[in-house]
Amino acid sequence: MRRAVFMLGIALVALLPVAAACGSGTDESADSPSTVPGEFAGTIRLGAALSETGKYSVEGKDSRQGYDTWLRWVNEAYGGIRISGQRYRAEIVYYDDESDADTAGNLTQRLIDDDRVDFLLGPYSSGLTTGTSAIAEANNVLMVEGNGTSDTMFERGFRNLFLVATIASDYTRSGIEALAARGARTAVIAHEDTSFATAVAGGAARHLEANGVDVLAVETYPKDIQDVSAIMTKFRDLDPDLFVGGGHYNDAVLFVNSAKELGFKPGGMLITVGPSNPKLVDELGRDVDGVLGPTQWEPSMAYRGPYFGSAADYADYYESLWDEPPVYQAASATAAALALHLAIEAAGSVDTDAVRAALRELSADTFYGPISFDERGVNVSKPMGMIQVLDGDIVVVAPDDAAVAQLQYPLGDGGAERGGSGSSGLGQLPQALVNGIALGGMYAVLVLGFSVIWGVMGVINFAHGEFVMVGAYLAWLANDLWGVDPFLSVPVVFAVMMVLGYAVQRLLVDRVIDRPHLVSLLVMFGLAIILQNAMKLIFSADFRRADTALDGSWRVTDSLTVPVTKFWILMIALGVLGGLSVLLSRTRLGKGIRAAAQNREAARIVGIDVSKVYVIVFALCIGITGAAGALVSPVLAVQPFQGPPLTLKAFAITAMAGLGSIRGALGGAMVLGLVEAGLAIYVEGVGTNLAVVASFVILVAALVLRPQGLFGGLRPVDATAA
Amino acid sequence: MNSRRSARPLRQWLAGGRGLAATRVAVAAVLAWLIVLPLVGATDSTMFTMTLMFTSVAVAINWNLTGGFTGYVDFGHAVWFGLGAYVTAILMSLQANSLGIGWPPVPAIVVGAVVAGALAGLIGRATMRLRGPYFSIAMLGTFVAVREIVRTWGGLTGGGVGLTLPPYLNRQLFYYVELVLVVGLVALTWWLRRTRFGAALVAIREDELGAQMRGISTTRLKVAVFSFAGASTGLFGGLWAYQNTFVDPDIAFTEVRTIDAIMGTLLGGLGTVAGPVVGSVVLYWLREVLWANLLDYHLVAQGVLLIMVVLLMPRGIVGAFDRRGVSARRLWRFRRRQADDQPEKATAP
Chain A
1 MRRAVFMLGI ALVALLPVAA ACGSGTDESA DSPSTVPGEF AGTIRLGAAL SETGKYSVEG
61 KDSRQGYDTW LRWVNEAYGG IRISGQRYRA EIVYYDDESD ADTAGNLTQR LIDDDRVDFL
121 LGPYSSGLTT GTSAIAEANN VLMVEGNGTS DTMFERGFRN LFLVATIASD YTRSGIEALA
181 ARGARTAVIA HEDTSFATAV AGGAARHLEA NGVDVLAVET YPKDIQDVSA IMTKFRDLDP
241 DLFVGGGHYN DAVLFVNSAK ELGFKPGGML ITVGPSNPKL VDELGRDVDG VLGPTQWEPS
301 MAYRGPYFGS AADYADYYES LWDEPPVYQA ASATAAALAL HLAIEAAGSV DTDAVRAALR
361 ELSADTFYGP ISFDERGVNV SKPMGMIQVL DGDIVVVAPD DAAVAQLQYP LGDGGAERGG
421 SGSSGLGQLP QALVNGIALG GMYAVLVLGF SVIWGVMGVI NFAHGEFVMV GAYLAWLAND
481 LWGVDPFLSV PVVFAVMMVL GYAVQRLLVD RVIDRPHLVS LLVMFGLAII LQNAMKLIFS
541 ADFRRADTAL DGSWRVTDSL TVPVTKFWIL MIALGVLGGL SVLLSRTRLG KGIRAAAQNR
601 EAARIVGIDV SKVYVIVFAL CIGITGAAGA LVSPVLAVQP FQGPPLTLKA FAITAMAGLG
661 SIRGALGGAM VLGLVEAGLA IYVEGVGTNL AVVASFVILV AALVLRPQGL FGGLRPVDAT
721 AA
Chain B
1 MNSRRSARPL RQWLAGGRGL AATRVAVAAV LAWLIVLPLV GATDSTMFTM TLMFTSVAVA
61 INWNLTGGFT GYVDFGHAVW FGLGAYVTAI LMSLQANSLG IGWPPVPAIV VGAVVAGALA
121 GLIGRATMRL RGPYFSIAML GTFVAVREIV RTWGGLTGGG VGLTLPPYLN RQLFYYVELV
181 LVVGLVALTW WLRRTRFGAA LVAIREDELG AQMRGISTTR LKVAVFSFAG ASTGLFGGLW
241 AYQNTFVDPD IAFTEVRTID AIMGTLLGGL GTVAGPVVGS VVLYWLREVL WANLLDYHLV
301 AQGVLLIMVV LLMPRGIVGA FDRRGVSARR LWRFRRRQAD DQPEKATAP
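As given, the protein sequences belong to chains A and B, one line each in that order.
Each residue of the first sequence is one higher than the one before, starting from 1 at the first, in this note's numbering.
Each residue of the second sequence is one higher than the one before, starting from 1 at the first, in this note's numbering.
Because the hints were derived from the structure by calculation, they are not lab data.
Keep in mind it's a predicted model, so treat the numbers as computed, not measured.
There could be a bad hint or two in this list.
Beta-carbon label-pair distances, calculated as ranges [said to hold, decoys possible]:
(1) 41/B <-> 503/A: 53 to 59 Å
(2) 609/A <-> 215/B: 25 to 31 Å
(3) 310/A <-> 155/B: 56 to 62 Å
(4) 612/A <-> 30/B: 49 to 55 Å
(5) 176/B <-> 348/A: 40 to 46 Å
(6) 256/B <-> 279/A: 46 to 52 Å
(7) 94/B <-> 557/A: 47 to 53 Å
(8) 609/A <-> 22/B: 48 to 54 Å
(9) 349/A <-> 41/B: 51 to 57 Å
(10) 149/B <-> 325/A: 41 to 47 Å
Note that CB positions come from ideal geometry on N, CA and C, so glycine has one too.
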């Protein structure tokens with residue numbers, strides 16, 4: 001809860017300066033206490049569009065603090081930018097790009113035209129930098145940045161874009177060189193299919209081959225992946241020395257957990273995003289020991305320069321300003337502003353051509369490492385660092401001039417335990433079946449409430465995934481605050497969610513149930529937007545995971561493991577399905593529910609209180625849905641935007657199965673689970689991507705080809721037009 | 001004499017009916033203002049903002065063609081935007097992972113629109129057999145499936161990395177091109193409402209079976225309109241890709257474009273000519289106000305706004321003024337009746 005209050009506080013504090021900046025474009029630094037305007041000969045104005053809201057809000061805040069660290073330092077400690085004996089005050093105009101490409105572009109144009117900034121500092125993320133750098137290029141304004149590292153944007157021949165950080169394709173270079181020197185000979189690569197992660201993986205493949213390491217397989221997976229077990233199963237059977245993988249922080253959690261679950265033990269695990277973040281150690285504890293990761297910068301690195309002193313000095317200064325240690329995104333931002341500052345001083349003017357020439361000539365040692373740019377505008381003199389988690393500490397192990405500890409390789413018994421390849425005669429079929437059934441059990445319990453509400457009430461609960469998400473947060477909260485196992489908190493979450501369901505039914509659903517589908521669809525959709533963003537305001541967009549005692553896996557054979565958590569979810573799912581089935585077929589209430597589903601008017605005539613039935617059904621189903629969220633909270637990452645994909649899967653399964661059919665929900669869930677697991681295991685390279693597409697293709701195909709569903713349900717369906 | 005004669009049609013035009021003169025004067029004034037705006041010193045930034053607004057207005061108008069006129073509520077309309085953007089990018093890009101043929105922009109954007117329209121025709125033939133929520137959901141599924149296919153088909157689309165286009169950012173040119181296109185779209189919908197074709201579309205919404213019995217080939221009509229809307233949205237997608245100089249699956253295919261089109265149309269008035277225009281502009285303005293003052297809360301506020309509009313203002317802003325505009329209330333009532341018919345037709349299992 002303290003975190004929640006803190007986040008609200010941050011939001012409120014952030015609100016004031018941004019409102020001011022939006023209104024008049026005034027700068028932030030005006031309130032710096034020690035600045036006496038008379039001292040300065042003029043002002044040099046920089047501009048940046050950064051993400052204060054949206055998916056990059058956390059990194060956007062770090063980048064902004066990085067820029068502001070330079071700003072405070074240059075105006076207060078350094079005494080202003082020096083140009084031919086005069087001192088100029090620096091200021092930075094900020095806008096919030098909402099993590100959105102159109103907004104970022106629009107604001108960059110506004111910075112150039114309306115705020116007339118002399119120079120631009122980069123936004124956060126490769127995607128936003130790619131778009132905004134084109135605007136900078138077209139308007140001949142220099143952009144110096146440290147947080148957009150994808151190679152593609154430096155292949156466009158731009159003259160005005162400069163990157164102080166190491167480019168994405170070199171992220172793994174020093175790590176791979178060190179590992180190859182220690183004897184690694186084979187490797188597998190798994191990467192998210194986004195711009196940045198693909199560039200990192202492409203670079204890794206090149207560096208591996210250049211160092212004599214064979215790349216046995218490359219697998220891709222989509223953003224926001226929830227399950228990498230298929231990829232890890234394939235990799236386990238290849239038995240490589242090295243695993244190289246990554247994309248987002250959450251992927252690192254999945255890789256470590258899944259490798260442990262499946263008994264996949266490569267000699268080294270190099271994960272491109274996540275290991276340098278102390279959160280990962282907090283979250284995974286001992287499991288993450290030995291994991292390697294690249295880092296742009298760490299306070300412990302042995303770099304120093306004349307401006308902020310050493311890396312550690314910079315970290316102290318940063319912490320004195322913001323009460324938290326700097327992450328590398330912040331250091332990169334400070335370094336970008338510093339590089340620009342040095343180039344302006346070297347050029348002796350703010351003229352774009354002069355400063356560009358000075359940037360090209362720049363060669364400086366800084367707290368961030370050496371900075372000098374090649375003809376693309378990329379800083380090629382700073383190598384990427386590599387860290388390793390050793391006994392819960394994050395220590396730099398490469399390159400040699402920055403290392404503070406010895407690289408541990410191979411880990412434990414390495415891949416030596418099993419010797420040869422693990423593939424047996426049956427191949428991966430047993431594992432594919434187990435994965436598919438485990439996934440199907442999870443989908444069954446997740447989809448049930450959606451199917452029954454649609455079947456009985458004719459309401460399409462577009463906020464279904466959001467109720468799962470709220471239930472998952474409740475379980476996570478209980479787990480985080482009091483250490484309650486999510487399996488134990490299921491009944492409580494069920495009760496709480498029933499109350500929420502009752503309230504939503506009374507406040508919203510009751511008002512739209514007699515209106516056409518479009519109305520209820522849109523109202524529930526509005527509710528989904530509200531729930532997502534309210535939860536994001538309270539808990540931030542960080543991925544969470546509840547801990548359960550029922551984790552790990554049972555090893556049946558070397559190439560077959562059963563995930564424990566998913567097994568118990570399947571058991572509980574079967575129990576819930578059976579219970580609901582009995583309720584519907586054997587009890588008086590169940591008869592009333594079925595009657596109301598088949599013909600509301602007739603049910604009313606025979607004396608059934610239909611609106612009471614609706615209240616009970618809705619509350620019960622939301623309770624089940626929330627409880628399902630609690631059940632999967634150790635498996636699926638808990639985050640505010642986990643709902644929409646689940647809602648779509650619920651659609652797909654329900655459309656396949658028939659509305660409100662309990663057997664259908666189970667059957668449809670199993671079909672989807674098996675199809676996804678089969679595709680993921682049997683298709684090389686892009687199998688996991690195809691598994692994600694599968695449910696949507698099934699959805700559309702099922703609707704078009706067999707709109708009444710495969711299993712028949714509570715409510716007859718008449719989906720085709722005329 | 002001469003001047004009196006030339007004044008007569010103008011006077012007639014102005015005196016078209018109660019409140020109509022004022023509307024026409026206002027429309028003419030806004031149009032004149034939009035035409036001269038870039039000439040009286042609007043900055044690139046202003047013109048860029050305006051073209052983004054034109055884009056959302058155009059997508060809303062296109063959505064309204066099927067969602068408002070034929071009553072087929074499309075939850076995946078942004079798929080045509082993304083397809084137009086991607087085809088344009090693939091044809092224009094010189095990157096090795098696209099075709100690398102570097103077409104000039106005009107044919108690339110036109111082909112993008114044609115491909116989007118053709119695919120809309122194909123997919124529409126299948127999905128428009130579905131009705132009510134089933135159509136909505138099938139389109140949502142189509143949207144996500146196409147996005148994932150684009151992401152997976154890396155050899156052509158650059159996969160998750162996306163494609164970059166040569167940066168050519170003449171904001172004034174884009175401004176005028178999109179202004180002309182939006183005005184053309186408004187004129188087209190205005191004209192459509194006055195033709196038999198338009199009447200047939202509304203008949204599909206009001207009673208599809210009845211329309212069929214009166215000899216209207218409903219399938220052909222609704223697929224034709226769906227395909228046209230897809231092509232038109234694809235055209236704006238292509239223009240957008242060119243201006244953004246960069247596409248990847250997540251920025252080209254974003255749900256927000258569909259949501260904005262639906263919200264803008266509902267706010268302005270479903271099934272009216274001016275509704276999508278007025279609604280999208282108001283929405284844009286509202287968002288700027290909310291955005292400036294509410295930060296993260298603005299998304300919550302948007303959800304609240306959506307629920308309030310649906311529940312309390314079903315006819316939208318324009319619907320409240322325009323009597324000839326289709327009464328959304330009537331629309332709601334009708335479709336409910338159709339839904340109520342369902343159980344009666346059914347046989348008990």
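Each hint, compared with the structure:
no.: 1; hint: 41/B <-> 503/A: 53 to 59 Å; in the structure: holds (54 Å)
no.: 2; hint: 609/A <-> 215/B: 25 to 31 Å; in the structure: violated (46 Å)
no.: 3; hint: 310/A <-> 155/B: 56 to 62 Å; in the structure: violated (47 Å)
no.: 4; hint: 612/A <-> 30/B: 49 to 55 Å; in the structure: holds (53 Å)
no.: 5; hint: 176/B <-> 348/A: 40 to 46 Å; in the structure: holds (42 Å)
no.: 6; hint: 256/B <-> 279/A: 46 to 52 Å; in the structure: violated (29 Å)
no.: 7; hint: 94/B <-> 557/A: 47 to 53 Å; in the structure: holds (51 Å)
no.: 8; hint: 609/A <-> 22/B: 48 to 54 Å; in the structure: holds (53 Å)
no.: 9; hint: 349/A <-> 41/B: 51 to 57 Å; in the structure: violated (28 Å)
no.: 10; hint: 149/B <-> 325/A: 41 to 47 Å; in the structure: holds (43 Å)
Hint compliance for this structure: hints 2, 3, 6 and 9 are not met, and every other hint is.
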